[in-house]
Amino acid sequence: MSKDKREKDPVITILNIIIILLIFVILYFGQSAFFYRSMAEKRSFTQDAGHMSYELQNGDYAGLIQGRYVNEFNGNNDPAGYHALAEYIEAASMYRVYRDKGYMERADREKAVMDSSRTKMQELSIFADKADKMFGIADQ
Amino acid sequence: METINDMKCRYCGSNLGIEDKVCPYCGRANEQAAGYRAVMQEYRDEYDRTKADAKTRSKTAGRTGRLIVIALMILVIIVLSISISKNSDVDTREKRETAKIAKEVTGKKDEISATLEEMEKNRDYLGMSYYMLNYRLRGDERYEEYARVFTAVINYRVIYEDILNILDGFDGYEEKTDRDWCYDAAIYISDWNSYVGGEFWNDPADSKMHAGEHGAFLADIRQDTQDMVQVYFDLTDDQASSMWDMDRGDLGKMLYSKCRDLYPEEETYE
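As you go down the protein sequences, you meet chains D and Y in turn.
One point on numbering: in my numbering, the residue at position 53 of the first sequence is 53, and numbering is uninterrupted.
Counting from 1 along the second sequence, just add 140 to a position and that's the residue number in my numbering.
Derived by calculation from the structure, the hints in this document are not laboratory data.
Where a beta carbon is used, it is the ideal one built from N, C-alpha and C, also for glycine.
The reader is advised that the hints may include incorrect statements.
30 angstroms max Cα-Cα, derived DSSO-like pairs, lysine-lysine [to be verified]:
#1 Y:LYS161 <-> Y:LYS191
#2 Y:LYS348 <-> Y:LYS249
#3 Y:LYS398 <-> D:LYS133
#4 Y:LYS348 <-> Y:LYS261
#5 Y:LYS393 <-> D:LYS130
#6 Y:LYS398 <-> D:LYS101
Computed far set for chain Y versus chain D, every beta-carbon distance over 10 angstroms [said to hold, decoys possible]:
#7 ASN155
#8 ARG282
#9 ILE294
#10 SER330
#11 SER347
#12 TRP384
Extracted from the complex, chain D is given alone in its bound form (with noise of 0.2 angstroms):
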């Protein structure tokens, strides 16, 4: 009887064999599938947090102007920090075209919404300062 027990079918072990085979295939569509879905539910032009940082990593301010009005026209307001900064990096650039052109009713406009971000990009402020001197307003 215990003989009878250790007897395998070879066709069942190869069929098992093939079903954990098949789990690990699973696993990987799955996680494919999972990514692209979410991708595909994702606007185009959205950016996450995430995403934002790695523009400011690589100074690519125009990219995170853009990640905050599209963010914005759809309704995600997550990354706060970092709306903030691009709203900060808009109204320095013009603040400083107003500024040097004598627009000042403009200029002042601008520097309101400065100040204003400037409280909500929180740790993110160091980049302010960075762009401050990068539109050549650091002296304001």
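Fit chain Y to the given chain D structure using the hints.
Frame of chain D, contents of chain Y only:
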């Protein structure tokens, strides 16, 4: 009455066991238990047959069960593969998204029109450029009237981004240099009259695309673009006002020349 347990040899009278085929003492056949043995043998044979059958059935059931599991797993893999191929192809995804957005734009037509009007009134150039991109409004016949305004905000955005990229030293993820950004800006400035002004499209003088608020917007965005380029490239008033009519190569050369002096590429803003 003699029972099967106190069986005795009918020849010598010795005690016999139920399983004894012959008497262990006299060696004569144990005829009394023959029937029992035959029945027992039949039971044993039946037991062996049932056991063998059960083993075969169990083996078959094990194989069938596993084959069913494998078939189901393959089915799951096929379903996942279809899902992957549907969602991984960029063109398919783009088409699906475009269709979804077109439906959304139709549903929010009034809201989108009001937003565009507001953005145009506020001279929100970048906002309008990204709003148009988000809802794929360029080329949408329903917003035909905004065609030149849309082109203007695109040109403005590209020039603005080129300037930003020069200032922050960004390489566009493809090793672009300040020279590339300067010449790119020059293209969009020198194309302005053709594409925004409407020369390229042969826009009639009374075109709705240049009338009313659109016309005022186009004049303002042109001036604001000029101011932006003038400030960031340190152009004289004459240089700034004449940039629109310059050859794109000459303009690119002039912008790059200014750029090299103003923004040496090795400079960082740490």
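Each hint tested on the structure:
1. Y:LYS161 <-> Y:LYS191: 26 angstroms, holds
2. Y:LYS348 <-> Y:LYS249: The given pair, whose Cα atoms are some 20 angstroms apart, holds under the 30 angstroms limit.
3. Y:LYS398 <-> D:LYS133: Given that 30 angstroms is the threshold and the Cα spacing comes to 19 angstroms, the pair holds.
4. Y:LYS348 <-> Y:LYS261: 16 angstroms, holds
5. Y:LYS393 <-> D:LYS130: Holds, at about 28 angstroms.
6. Y:LYS398 <-> D:LYS101: Within the cut-off at roughly 18 angstroms; holds.
7. ASN155: For ASN155 of chain Y, whose nearest Cβ neighbour in chain D is about 33 angstroms away, the distance exceeds 10 angstroms, so it holds.
8. ARG282: 18 angstroms, holds
9. ILE294: Holds, because the least Cβ-Cβ distance between ILE294 of chain Y and chain D comes to about 12 angstroms, which exceeds 10 angstroms.
10. SER330: Nearest chain D Cβ is 21 angstroms from SER330 of chain Y, so the label holds.
11. SER347: 28 angstroms, holds
12. TRP384: 17 angstroms, holds
In this structure, every one of the numbered hints holds.
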